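Asker: Build the full structure now, drawing on both the sequences and the hints.
Residue strings, one per chain:
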Amino acid sequence: MASFWEYANPVKFMRLSGWLMPLSAVLAAVLIVTGLLWGFFGTPDDYRQGSTVKIIFLHVPAALMAINAWAMMLVASLIWLIRRHHVSALAAKAAAPIGATMTLIALITGAIWGQPMWGTWWAWDPRLTSFLILFLFYLGYIALWSAIEDPDTAADLTSVLCLVGSVFAVLSRYAALFWNQGLHQGASLSVAPGTRMDWSYKAPLYLCMIGFGLMFLALVLAGTRTEIRARRARALLTRERVRA
Amino acid sequence: MIALLVRDLRLAFRAGGGFGLGLGFFLILAVLVPLGVGPDPQVLGVIAPGILWVGALLACLLSLDRIFALDHEDGSLELLATSPIPLEGVVAVKAFAHWITTGLPLALAAPVLAILLNLAGPGYLTLIASLLLGTPALSMIGAFGAALTVGLKRGGLLMSLLVLPLYVPTLVFGAQAVTRAAQGLDGSTPLLLLAGITAGSVALLPFAAAFALRINLR
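Protein chains in written order, with my numbering: chain A, 1 to 244; chain B, 1 to 218.
Worth flagging that the hints you see were computed from the coordinates, not collected in a lab.
It is possible that some hints are incorrect.
[Unchecked claim] Calculated cross-link-like contacts (lysine to aspartate or glutamate; reagent style EDC-like; alpha-carbon spacing at most 20 Å):
{"#": "1", "chain 1": "A", "residue 1": "Lys54", "chain 2": "A", "residue 2": "Asp198"}
{"#": "2", "chain 1": "B", "residue 1": "Lys153", "chain 2": "B", "residue 2": "Glu78"}
{"#": "3", "chain 1": "B", "residue 1": "Lys153", "chain 2": "A", "residue 2": "Asp152"}
{"#": "4", "chain 1": "A", "residue 1": "Lys12", "chain 2": "A", "residue 2": "Glu227"}
{"#": "5", "chain 1": "A", "residue 1": "Lys202", "chain 2": "A", "residue 2": "Asp45"}
{"#": "6", "chain 1": "B", "residue 1": "Lys153", "chain 2": "A", "residue 2": "Glu149"}
{"#": "7", "chain 1": "B", "residue 1": "Lys153", "chain 2": "A", "residue 2": "Asp150"}
{"#": "8", "chain 1": "B", "residue 1": "Lys153", "chain 2": "B", "residue 2": "Asp74"}
{"#": "9", "chain 1": "B", "residue 1": "Lys153", "chain 2": "B", "residue 2": "Glu73"}
Values in this document were obtained by computation on a predicted structure and should not be read as measured data.
Answerer: The structure is reproduced here in structure tokens:
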């Protein structure tokens, strides 16, 4: 059986991602389009919130991926630090801007929904605040990657930052909870019994969530492939220069 | 290690610039805020804990790049890395020296500035206690940020981008403790949490910072 670690080999990774990337991209497109169309046109309006509730089909998947992207970066950083697989470090690098964008989407869609519902674009609510802080963490991580020239040094330092940052991001989350009582509702989806949401909403929402997950996968694969190709190009250029 | 501490302190006192600069910044901030928001004592009293804590945090940030940058430039950091003291110890000592030259004076000067900002009476003791408990964490987290960016040409700005988000929990608990105490409530819960953050950072971050330094010295 092929081990997961085989894909630390860039050639094998390129071969696998060569078909996995377009496949997940197409699947993501299909799922997101279906989920959004179903969500926007095929669900009833909410009793109190009217049709504004339908922004949930963008907001929740984006927020989900914003957090999961950081978790994925954490795992990839650990793999890089422990096993020194370059593909892993590059995947973490590729995931950061996507995660930052997802955080931004979650914040902006939240603001658009909050304006009519809460009567304000922004409130210093713990959830909103922690997301803003998460966005700052993403910015710092991306800035550190772009500031260091040597790729291995950059990978090492950003990995350490990701590890330490994760701890402090969790701490900030609880600090924010301690700091202010929330306006944001509790979790709408939960594995615990006693569901709060009807299936007519849940089904398209799940479609969108899976679609966003696949979209994230496709984008990370595309980003990692670009990084690998850029490295190859750089190596070829260096070889040319040495020969000349 | 004591020799290293004494050397760092001596450098900070004699070389000028580093020591006192943070204090001066803190003072200017406490003067500028009333000029910005207006002299209403009630408003100032409400925002005083936050202003003092943010001021302490920024004053701390100002001098962070001095922790490693000068030693990196003249090569003594390499010597320290090859010395018999473990690099983790070097980091801890340097963070401690940074705390003595910035955190400690800030904590002692804060009550004076709190008078300027009209902090309510019961808040003073907690203000000193929270700064004494919290600034070691600021120095230690800052040492980690400085270790990450030590090799970079323009590390200062990048370091503030990296370090400030890490300061969030410390700031929240510190300012909360003072706010609660100033309102006559019990501020011990945030103080304990603050102490927890300090203890955790002092215990764990030297390892992360030393790891980052080793990579930067490679």
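Asker: Does each hint hold? Answer for all of them.
Answerer: Going down the list of hints, with the structure as the test:
Annotation: proposed proximity of lysine 54 (chain A) to aspartate 198 (chain A) holds, straight-line Cα distance about 13 Å (limit 20 Å). Annotation: proposed proximity of lysine 153 (chain B) to glutamate 78 (chain B) holds, straight-line Cα distance about 18 Å (limit 20 Å). In summary, the hint linking lysine 153 (chain B) to aspartate 152 (chain A) is supported, as the alpha carbons are separated by about 18 Å, within the 20 Å threshold. For a cut-off of 20 Å, the pair hint linking lysine 12 (chain A) to glutamate 227 (chain A) stands: about 15 Å separates their Cα positions.
With a C-alpha separation of about 14 Å, the suggested pairing of lysine 202 (chain A) with aspartate 45 (chain A) holds against the 20 Å cut-off. Simply put, lysine 153 (chain B) and glutamate 149 (chain A) have alpha-carbon atoms about 11 Å apart, close enough for the 20 Å limit, and the pair holds. Between lysine 153 (chain B) and aspartate 150 (chain A) the alpha-carbon distance is near 14 Å, which keeps this suggested pair within the 20 Å criterion. Using a Cα cut-off of 20 Å, the hinted pair lysine 153 (chain B) and aspartate 74 (chain B) holds, with the two alpha carbons roughly 14 Å apart.
Between lysine 153 (chain B) and glutamate 73 (chain B) the CA atoms are separated by roughly 11 Å; this keeps the pair inside 20 Å, and the hint holds.
Consistency note: the structure conflicts with none of the earlier hints.
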